[in-house]
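> Sequence:
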Amino acid sequence: MLRMREKPPQEEFAMRPIFHPSLVNGRYGDPTVHVETLFEKHSLLFDIGEIASLPPRKIRRIEQVFVSHAHVDHFIGFDHLLRLLVGREKTVQLYGPPGFVERVFHKLQAYLWNLVESYPCELDFVVSELETPNSISTTQFRLRKAFAGEPPVSRQIFAGVLCNEPTHRVSTAILENGTPCLAFALQEAAHVNVWRNRLLERGLPIGPWLRSLKKAVVERRADDHLIEIDGAASSDRGFARLGSLRDLLTVTTGQKIAYVTDVADTPANRAAIVALVQNADILFIEAAFAGDDAALARQRGHLTTTAAGEIAREAHVRRVEPFHFSPRYAGDEVRMLAEVMAAFRGSRA
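Position in the sequence shown counted from 1, then plus 16, gives you our numbering.
Careful: at least some of the hints might be erroneous.
[Said to hold, decoys possible] When the alpha-carbon atoms are kept at most 25 Å apart in a straight line, the in silico DSS-like pairs for lysine-lysine are as follows: (1) Lys106 with Lys123; (2) Lys123 with Lys74; (3) Lys57 with Lys106; (4) Lys74 with Lys57; (5) Lys106 with Lys74; (6) Lys57 with Lys230; (7) Lys123 with Lys161; (8) Lys123 with Lys230; (9) Lys231 with Lys57; (10) Lys161 with Lys106; (11) Lys106 with Lys231.
Derived from the structure by calculation, the hints contain no laboratory data.
Here the structure is a predicted model, which is why all the values come from computation and not from measurement.
Could you put together the complete structure from these sequences and hints?
Now the structure itself:
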């Protein structure tokens, strides 16, 4: 559905986009964005509405879930995730707004776990809730302990960064919609391109070893870090120091994917969204109501198509993907998309 970038120049052997997001339930269904990670056997979700349409193999790769708030259409899929993971060795990190840990606890305790001793694998949910804009509280729930919550651990965060992995980080902003609702931004740590012509000049092969090279750069390994080169020389295998290979690479700013839903159109919310999603490659943003129904949108605490497009334009995002259309506009998707794009481009629909 989403074409991220144009084909790179021939001389540059560019990595394809690392993150491949998709709307699991289309523009009208439960809000859920699934983000697959290229070359890696893990993925993440923004919100976890109904996920039955995702193949089980994809669900089992989910390692992080970021929940905006616990309305049923944003959280009902947790049960499906739980069902597919019980009996597998797995750790899943979940993040949500204040009160989220207790809601996950009650979800887990709705079931009887008297047979946990028979499972050879441990399933561990590491659940964090944003206590304040600058702190989160984390509680672990382990299958072998019948998902009894362990003592919570609090920690400070900076600039809304919920998690900071070697390959990516996810930041959040607290928005107001009658209840705290989180928006999220996923930022790739760096995007590493390899120049084909430079490889050829050095007599180096194109192959799987380039993934290790790029990973080492993203993880900021030292120059003396050894890279194993598959297919090198007559022995088909060799080693080189990272520092000697850096001239093969170009490192640029990585992808940014943002997610915003169920938010009232207020000046404070707009300012917080724009700051969070600034310059995103793709912005998934709710557009629940048509522009003509702004009064109804205010009453329900949602964005209109016009507001969604205006926010995307002000934040200078590269691409806007509206979703969470109200069922009242069923069959009218073309109109809804046109209104968003008109506001995004600064024109009239």
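> Give a verdict on every hint.
Quick rundown of the hints versus the structure:
| no. | hint | verdict |
| --- | --- | --- |
| 1 | Lys106 with Lys123 | holds, 18 Å |
| 2 | Lys123 with Lys74 | holds, 22 Å |
| 3 | Lys57 with Lys106 | holds, 13 Å |
| 4 | Lys74 with Lys57 | holds, 9 Å |
| 5 | Lys106 with Lys74 | holds, 14 Å |
| 6 | Lys57 with Lys230 | holds, 17 Å |
| 7 | Lys123 with Lys161 | holds, 15 Å |
| 8 | Lys123 with Lys230 | violated, 40 Å |
| 9 | Lys231 with Lys57 | holds, 14 Å |
| 10 | Lys161 with Lys106 | holds, 15 Å |
| 11 | Lys106 with Lys231 | holds, 23 Å |
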